[in-house]
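Chemist: Given chain B, work out where chain L should sit, using these hints.
There are 2 protein chains.
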Amino acid sequence: MLVLGIDPGTYSMGIGAVEYGGDDYTLTLSEALAPPRKAEIAERLRWLHGRLDQIVRDLKPDFVAIETPFVSRNVKAAMAVGQAQAAAMIAAASNGVPVASYAPSEVKKAVTDYGGASKAQVQEMVQSLLGLDEPLEPPDRADALAVAICHISSSQMTEIEMWE
Amino acid sequence: MLVLGIDPGTYSMGIGAVEYGGDDYTLTLSEALAPPRKAEIAERLRWLHGRLDQIVRDLKPDFVAIETPFVSRNVKAAMAVGQAQAAAMIAAASNGVPVASYAPSEVKKAVTDYGGASKAQVQEMVQSLLGLDEPLEPPDRADALAVAICHISSSQMTEIEMWE
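Which chain is which? The protein sequence lines are B and L, in order.
Mapping to numbering that gives the first Met the number 0: the first sequence position 148 is 147, numbers consecutive.
Mapping to numbering that gives the first Met the number 0: the second sequence position 143 is 142, numbers consecutive.
Excised from the complex, chain B in its bound form (with noise of 0.2 Å):
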């Protein structure tokens, strides 16, 4: 199973795509798309699904895996999520790949065991669990696998539970 994650922004979107073979996790893609910095946020927006559209044709992933990032009560950070996300969601949906979204402490629980672990444990576990030497910079790019592992380990849960 092969598996996109995404770490929605506006400014810097994560991507991690992750192959799980049975057993283990293979690192097939890391990346921050960073738009001109500059840009209007429309030309942003065209700029990331231009780049994601091309990325899923080319890695057929299985899933598209999106973080729902907390953000409290304000407002513009939460209409700023919508917007990545939405530039992700076309980009997977217009090539017939399907969609999870997943909340932050979801992601957390898949990857370290533990909802409320923090960023910097999120990104160890997620450095081993794909036995990579260095840590991934800009953290944006760990996120993202993580989002990947958790959908891959929620799918085998409820493959798991099938069976039983």
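Since the hints were made in silico from the structure, they are not lab data.
Certain hints may be false.
Chain copies aren't distinguished; within one or between two, either way the pair holds.
Unchecked claim - Lysine to any residue pairs mimicking SDA-like chemistry, simulated, CA-CA at most 25 Å apart: (1) K59 - S93; (2) K59 - G49; (3) K37 - S154; (4) K75 - Y10; (5) K59 - E39; (6) K108 - S153; (7) K108 - K118.
Modeler: Frame of chain B; chain L shown alone:
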């Protein structure tokens, strides 16, 4: 000047195009785009983006004007607005059409001369400005036309200011 106005929503998206010839407004297009209600969000956004892309391509507006509705502290509603806006922004920007955003108070002020006008007052004024016999249903259609009129009106103001 031809402006495509958009009242963003992921279940119903009002769109309306207004041509301004120098002293009067003409209705060119008015629709409410409604993706399949039971489809998941990614599929609804793909559907909306596809329609909007086709409409922008056919219509070739000079501007796309998008409302940023007031969502108070409702983070979930704000994310949905952001998602719907992104579908429109990507369609506009990928066809080279500039995008402007307006707050509800700006739209109300431009159309009725009063930033605190009711929805009904805005709808009546849109109907009157465009010389329509019947009120527009659903109201998202009138809202979209109001945003287009707002953009035209603020462009005119900027031009007058520049001439002075």
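Chemist: Each of the hints needs a verdict: does it hold here or not?
Modeler: Outcome of the hint check:
1. Taking the shortest alpha-carbon separations for K59 and S93, both the intra-copy value of 12 Å and the inter-copy value of 23 Å come in at or below 25 Å.
2. In this assembly of identical chains, the alpha carbons of K59 and G49 lie at most 25 Å apart whether taken from the same copy (15 Å) or from different copies (21 Å).
3. Proximity of K37 to S154 under the C-alpha cut-off of 25 Å is restricted to the inter-copy arrangement: shortest distance 23 Å between copies versus 39 Å within a copy.
4. Within a single copy, K75 and Y10 get their C-alpha atoms as close as 14 Å, and across copies as close as 21 Å, so both meet the 25 Å cut-off.
5. For a Cα distance limit of 25 Å, the shortest separation of K59 from E39 across copies, 20 Å, qualifies, whereas the shortest one inside one copy, 30 Å, does not.
6. For the identical chains of this complex, K108 and S153 are intra-copy neighbours only, at 10 Å inside a copy versus 50 Å across copies, given an alpha-carbon limit of 25 Å.
7. With identical chains, the CA atoms of K108 and K118 are at most 25 Å apart within one copy only, with a shortest distance of 12 Å there and 45 Å across copies.
The earlier numbered hints are all upheld by this structure, with none contradicted.
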